[in-house]
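Sequences listed follow chains A and B, in order. Everything in the first sequence is counted per numbering that gives the first Met the number 0, starting at 0 for the first residue and increasing by one. Everything in the second sequence is counted per numbering that gives the first Met the number 0, starting at 0 for the first residue and increasing by one.
Hints in this document: simulated from the structure, not taken from any laboratory. Keep in mind the model is a prediction, meaning the values are calculated, not measured. Using N, Cα and C, we set each Cβ at its ideal position, and we do this for glycine too. Heads up, a few of these hints could be off.
Said to hold, decoys possible - Just the calculated beta-carbon pair ranges, DEER-fashion:
1. PRO245(B) x GLN193(A): 37 to 43 Å
2. GLY319(B) x ASP174(A): 40 to 46 Å
3. LYS195(B) x PRO167(A): 25 to 31 Å
4. GLN193(A) x ARG305(B): 26 to 32 Å
Number of protein chains: 2
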Amino acid sequence: MIIDKLLEKIDEKRNPCVVGLDPIVEKLPPHLLTESSFTAIAEAFKVFNFAIIDAIHDLVPAIKPQMACYEKYGAAGVQAFEETVAYAKEKGLIVIGDAKRGDIGHTAKAYAEAHLGKVFTPSGRKFSTNADWLTVNPYLGKDGLDPFVKVCEEHDRGIFILVKTSNPSSGQWQDRLIDVKDDEVADFTERNIQLKDRRTELYNLVGLQVHRYAKEFRGKRGYSAIGAVVGATYPEQAATLRKLMPYSLFLVPGYGAQGGKSKDIVNCFNNDGYGAVINSSRGIIYAWETLNMPRDFARASRNAVRIMITDIQDALKDAGKWPHNWN
Amino acid sequence: MIIDKLLEKIDEKRNPCVVGLDPIVEKLPPHLLTESSFTAIAEAFKVFNFAIIDAIHDLVPAIKPQMACYEKYGAAGVQAFEETVAYAKEKGLIVIGDAKRGDIGHTAKAYAEAHLGKVFTPSGRKFSTNADWLTVNPYLGKDGLDPFVKVCEEHDRGIFILVKTSNPSSGQWQDRLIDVKDDEVADFTERNIQLKDRRTELYNLVGLQVHRYAKEFRGKRGYSAIGAVVGATYPEQAATLRKLMPYSLFLVPGYGAQGGKSKDIVNCFNNDGYGAVINSSRGIIYAWETLNMPRDFARASRNAVRIMITDIQDALKDAGKWPHNWN
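Just chain A, same shape as in the assembly:
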């Protein structure tokens, strides 16, 4: 299963850090871009991404391209996204498509098939974007999530459902207290989550839904391909969510540029040292700027990845969460 494959790669590289491939025209090394057409920009994104993938594929288990960066440049951008996915997979990397899709039933099914499954054609079903994992938005409720889970089961893929996001105003709805229903009380009690007057935050309710999916769909090491997005910027909430969803991998944005620190991020890991993949985008792929080495942008990104890995490894050691398999 894809979840076991991801854990194997984390073990192989002794590293749960992934790189966000979020190309931004304004921040590309200038020599990569000589024309202004969307096709030329998309081509530059590919050259940039492929070079970074070449430079880091032996260090990281996965990459996480951010769909918005590509979608900006329309069909040409989406083409660059698809080719980046294909190239990364060729190099043995797992691909987490960060697209935060969400819709009602039959449209959710279309998104799930587009990114993770096979789409219908007159001569049979074919893979389209073909990512391994996808980020998914839960606002529409369970019948908007079910089609994604179903496609994960059918095609051996994974999702990360947005639970507690890393941005400053994520609490506007996610942190609001909600009365917990009887069946939910039972599940929270079982998971040893303290309620406040029989209430809990929306992010915990969404987390419980993730847990309910996850426990029914697990790989040989006990972890599930139904994961959660939990921001590095909210370590206290992460600790509760870690208890609530023991089988789910957390995709953790917010390290570095957004202010998430490694000593806080360890809350996203279980005691066995697994349970999270930590993403950094700008801190890695634009490391060349700080070092003023545009021609060597890929080498700069490799150095930045090494520094991040050491930082996270040290934090795991300090927290007593060093994976047994890494000894």
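Fit chain B to the known structure of chain A by using the hints.
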């Protein structure tokens, strides 16, 4: 402003109904599709959409293409989406891109620029998808919505923020009761919304945020380009939301195929007869199936649009919500 332009078109056609252009390979008239490549499928989508646009552009104010249907076929599909947007605008239609995008600040900005604004290129900013309106997911909170509102102001575009969606499990989070904060109590009181023990549903809190944006960004007829998605399938909730967001247009999915009835949908309109655009997709574009007239699919869709318009017009008359301008 785009909101005034939409209201003018609604007046001109005496019709608030829009058509969802959601092409599905399995349901295309068979003669349109002879090959299985994504490019051939995308080409068939274009032929299908263009013919329907030709057949209905004098009847409706806008079309609403569903991005998921196109994204299924990767870059080729996205190309068909872009060309559909361009063709519809050429024919004088307003285009509502139904993509339900949402992300944190700088990524939300990327999506907003991609769909509604201009994107950066070395030789200056250029329009990309170039829709007039976009559907947006609120789960990430205000700093995920602000960039969309800002692009609307800068480029004279509009958004519909998901508030109460039409699907059966939309209530899983959207209907949960939440304690209302002091500043929110004041706003709900001003809008004459009854609270329950100082609590209200999440959809009302999201609706209040929409209202706060909308009242600051209004066109010459008082309506705002910051609208809300409110499902036709929840008429009681729609009545409350109508009171809460007097300046916002509602994009109303769920008519027809999903079970929303015209007598319920009138709750989405203000007493002046404006305030909602009603979408139908499958009921219109696949009308040829029921009538068994694949070669005449566009004419079948025109007939279906006429029937829908009459149904909604009759319901508005019965409810005493016939717009003054239509007399």
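Return holds or violated for the Cβ distance of LYS195(B) and PRO167(A) against the range 25 to 31 Å. Holds - the Cβ-Cβ distance for LYS195(B) and PRO167(A), about 30 Å, lies within 25 to 31 Å.
Holds or violated: the 40 to 46 Å window for the beta-carbon distance between GLY319(B) and ASP174(A)? With Cβ atoms ~42 Å apart, the hint holds.
Range hint compliance [Cβ, GLN193(A) to ARG305(B), 26 to 32 Å]: Between GLN193(A) and ARG305(B), where Cβ atoms are some 59 Å apart, the hint is violated.
Given the range 37 to 43 Å, decide if the beta-carbon distance of PRO245(B) to GLN193(A) lies inside it. holds (41 Å)
Comparing the model with each earlier hint shows a violation of hint 4 alone; every other hint is respected.
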